[in-house]
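Chains as they are written, first to last, in the working numbering: chain A, 1 to 161; chain B, 1001 to 1552.
No lab work stands behind these hints, which were simulated from the structure alone.
Computed from a predicted structure; not experimentally measured.
Glycine included, every Cβ here is placed at the ideal spot set by N, Cα and C.
Take these hints with a grain of salt, some might be off.
Stated by the list, open to error - Under 7 Å between C-beta atoms, here's a sample of chain B residues computed to sit facing chain A:
1. Glu1014
2. Pro1157
3. Leu1162
4. Thr1277
5. Leu1366
Said to hold, decoys possible - Below 30 Å or equal to it, Euclidean Cα-Cα: the simulated DSS-like pairs (lysine-lysine) are:
6. A:Lys94 - B:Lys1393
7. B:Lys1390 - A:Lys94
8. A:Lys94 - B:Lys1165
9. B:Lys1223 - A:Lys107
10. B:Lys1165 - A:Lys107
11. B:Lys1223 - A:Lys37
12. B:Lys1165 - A:Lys37
13. B:Lys1429 - A:Lys94
Each chain is listed here by its residues.
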Amino acid sequence: MRQLIKQREIVTDEWRYADEDPHGRERALILPFARWKEERERWWLWDGRLGVRLGPTDPVASLEHDFLRIALVAIEFGGIGEGRGYSQAQILRKRYRFTGELRAVGKIQRDQLFYMARCGFDAFELPEGADLRAALTAFNDFTVAYQPAVDVGVAPLRRAV
Amino acid sequence: MYQYDQIDQRLVEERVAQYRDQTRRYLAGQLSEDDFRALRLRNGLYIQRHAPMLRISVPYGLLSTRQIRMLARIAREFDKGYGHFTTRQNIQFNWPKLETVPDILELLASVQMHAIQTSGNCIRNVTADHLAGIAPDEIEDPRPWCEYVRQWATLHPEFSFLPRKFKIAITGSPQDRAASKVHDIGLHLVRNEQGEVGFEVLVGGGLGRAPMIGHVIREFLPKQDLLSYLEAILRVYNLEGRRDNIHKARIKILVKAVGPEKFREMVEAEWHASKDTAPQFNPAEFERIKAFFTPPAYETLQDEDVLSGRPTEFRNWYQRNTKRHKVAGYRAVFVSLKSPRRPPGDITHSEMDRVADLADQYSFGLVRSTHDQNLLFADVRQRDLFEVWKALKEIDLATPNIGTLTDMICCPGLDFCALANATSIPIAKQINERFDDLDYLYDLGDIELKMSGCMNACGHHHVGHIGILGVDKGGEEWYQITIGGSASGPDAALGQVIGPSVPHAEVAEIIDRILSVYISEREEGERFIDTVRRIGIKPFKARVYAPAHQAA
Chain A
1 MRQLIKQREI VTDEWRYADE DPHGRERALI LPFARWKEER ERWWLWDGRL
51 GVRLGPTDPV ASLEHDFLRI ALVAIEFGGI GEGRGYSQAQ ILRKRYRFTG
101 ELRAVGKIQR DQLFYMARCG FDAFELPEGA DLRAALTAFN DFTVAYQPAV
151 DVGVAPLRRA V
Chain B
1001 MYQYDQIDQR LVEERVAQYR DQTRRYLAGQ LSEDDFRALR LRNGLYIQRH
1051 APMLRISVPY GLLSTRQIRM LARIAREFDK GYGHFTTRQN IQFNWPKLET
1101 VPDILELLAS VQMHAIQTSG NCIRNVTADH LAGIAPDEIE DPRPWCEYVR
1151 QWATLHPEFS FLPRKFKIAI TGSPQDRAAS KVHDIGLHLV RNEQGEVGFE
1201 VLVGGGLGRA PMIGHVIREF LPKQDLLSYL EAILRVYNLE GRRDNIHKAR
1251 IKILVKAVGP EKFREMVEAE WHASKDTAPQ FNPAEFERIK AFFTPPAYET
1301 LQDEDVLSGR PTEFRNWYQR NTKRHKVAGY RAVFVSLKSP RRPPGDITHS
1351 EMDRVADLAD QYSFGLVRST HDQNLLFADV RQRDLFEVWK ALKEIDLATP
1401 NIGTLTDMIC CPGLDFCALA NATSIPIAKQ INERFDDLDY LYDLGDIELK
1451 MSGCMNACGH HHVGHIGILG VDKGGEEWYQ ITIGGSASGP DAALGQVIGP
1501 SVPHAEVAEI IDRILSVYIS EREEGERFID TVRRIGIKPF KARVYAPAHQ
1551 AA
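The shape of chain A in the complex, shown without the other chains (with noise of 0.2 Å):
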């Protein structure tokens, strides 16, 4: 089983990618963004939990009507380099007050993690074989910021703004 840190824990996943359970028997599934928009309406009643997975170009903002019904969102990042998926959690938590599991997948390491707990992100699915024990040190690396942010997990001093 998939084993990814959320809430500062490691624990096993609940949830599964739409092609590792094609038919949502596991009752918790996340669909890729393009699925999501194209098979909508069926999804919405369907009786699971839902998540959505966006890669880097997509837009944060068409998803402005759905998050009634999502219960997740997994951000991609494609390597370190990559930091489009700041902005779109930071999106997602301050203009759309999404408060389901904000999830980071793809090719994360634990040096990104304490960034990305501050944009919002409380999940993080490293990649298969990452030491996730070490990787949880990551959320203690600065006890300090500057920047008013969200700050999921962690809650460094900030000088007041």
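Using the hints provided, position chain B relative to the given structure of chain A.
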């Protein structure tokens, strides 16, 4: 000068610990070369031709003497005894060992310094006018704003993995001495019709492969909206900037692709959409920062005649290397790092120590680095100038050439840099040897010569009155010459290429021919750049490329 509080101090210390762990994991084989590369770069560590190069941040060019002494110590203990000041007002060391960098960073943290975001695809050191706070023409001191922006940009959670590097310059004088129009964002403190001070916002300037002058996207931005507006610009760039091609990833390419007007609309739309959630201006925090930039305890003095009875050499130095100060009885003094005996911008550890002593004695214990790779004592009493000159002269830091042809901007070039196509330091030497007659230099007057060893343009060649760009032609070093560029003021412009590139050995000769056209064509009191603007590049081109018997 800004002083760290506990939060600032803890942040740099935690950054050192984080980087120490990253280095340890890399050396233990737990981090791949590529993954470590992205991490070390955002901490200023490059792997260069001979050794790693560590670039240390000097926020808006301001250094205390305690910090300079620490830089001297680092040069002595971890490098080959010298450092190199850059066009971002930073300092870099060319010979540290990768394993010792965490120790260097720890020493830096002990004097409130760091190497955070001196490289990598993030927001780099915020630069400012080196005459900030003392220039008679200043609307407002930009440095409190620089520090405010520096803090906001430091380890920004959303904008630390941008498509490409991002440079911001802030200036408070109409006479732009920070090259702000060739920055990703240039901020000008301006006064509106109601007499309020705010920012003119320029976006999309930059040098490198596709040089461009920035576009004004906001004529007047109220001060309290600065951070929310910067966030809007950065968010649009972070989401829309190209990531498929490193050479097309700067914000200038995005601005050009959609057009400045459309880009402005995108920023304004994002700004309005995020108004409720963007950082709000905190006047108390800004005032806290601003209080660190109050003027030093100037004495009440009169301007005085410091030249009578002094040797010509001193007078020349006074004319070229000192600048008017807004407080009577004081001058700003350039410490020239452009002696013919040193690579431009280089300074040894013992010179740094001496500079620190002099700054303590004569300039309130502060030193500034300038974007054209010199140092500056901002607040020297006029009555001390002669002593300061003698002391600087002893250590080869009083070459009276500020603003002249030999006050060149020059990148490290092929001698050190892994990106370069050609050397630049030997060209600087060649030019210094050819133009060693001070009287001739003074007759030529103000000329900005800027030189880069490759098209990445660290030496800002596009905006040199004369620009020199090193190119590789079948394994040989050739140099392309541009004229008519300018980085400063309302007239910022990109230079024009005068023709085919020229071989290494002929660069100084070509510069000489260009100058001879100026000498024969100039009108009374006309600067080189103005002559080029008036007559165009044709006469220069004709002379440079004339057959040898005509050119002689």
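Results for each hint:
1. Glu1014: With Cβ-Cβ at 5 Å, under 7 Å, it holds.
2. Pro1157: Hint holds; B:Pro1157 Cβ to chain A Cβ min 4 Å, cut 7 Å.
3. Leu1162: holds (6 Å)
4. Thr1277: holds (4 Å)
5. Leu1366: violated (24 Å)
6. A:Lys94 - B:Lys1393: Violated. A:Lys94 to B:Lys1393 sits at ~58 Å, over the 30 Å cutoff.
7. B:Lys1390 - A:Lys94: Not OK: B:Lys1390 and A:Lys94 at ~60 Å, beyond 30 Å, violated.
8. A:Lys94 - B:Lys1165: Within the cut-off at roughly 26 Å; holds.
9. B:Lys1223 - A:Lys107: violated (39 Å)
10. B:Lys1165 - A:Lys107: holds (21 Å)
11. B:Lys1223 - A:Lys37: Violated, at roughly 42 Å.
12. B:Lys1165 - A:Lys37: Status violated; Cα separation ~34 Å.
13. B:Lys1429 - A:Lys94: It is violated: about 56 Å lies between the C-alpha atoms, which goes past 30 Å.
Of the hints listed earlier, those the structure fails to meet are numbers 5, 6, 7, 9, 11, 12 and 13, in rising order.
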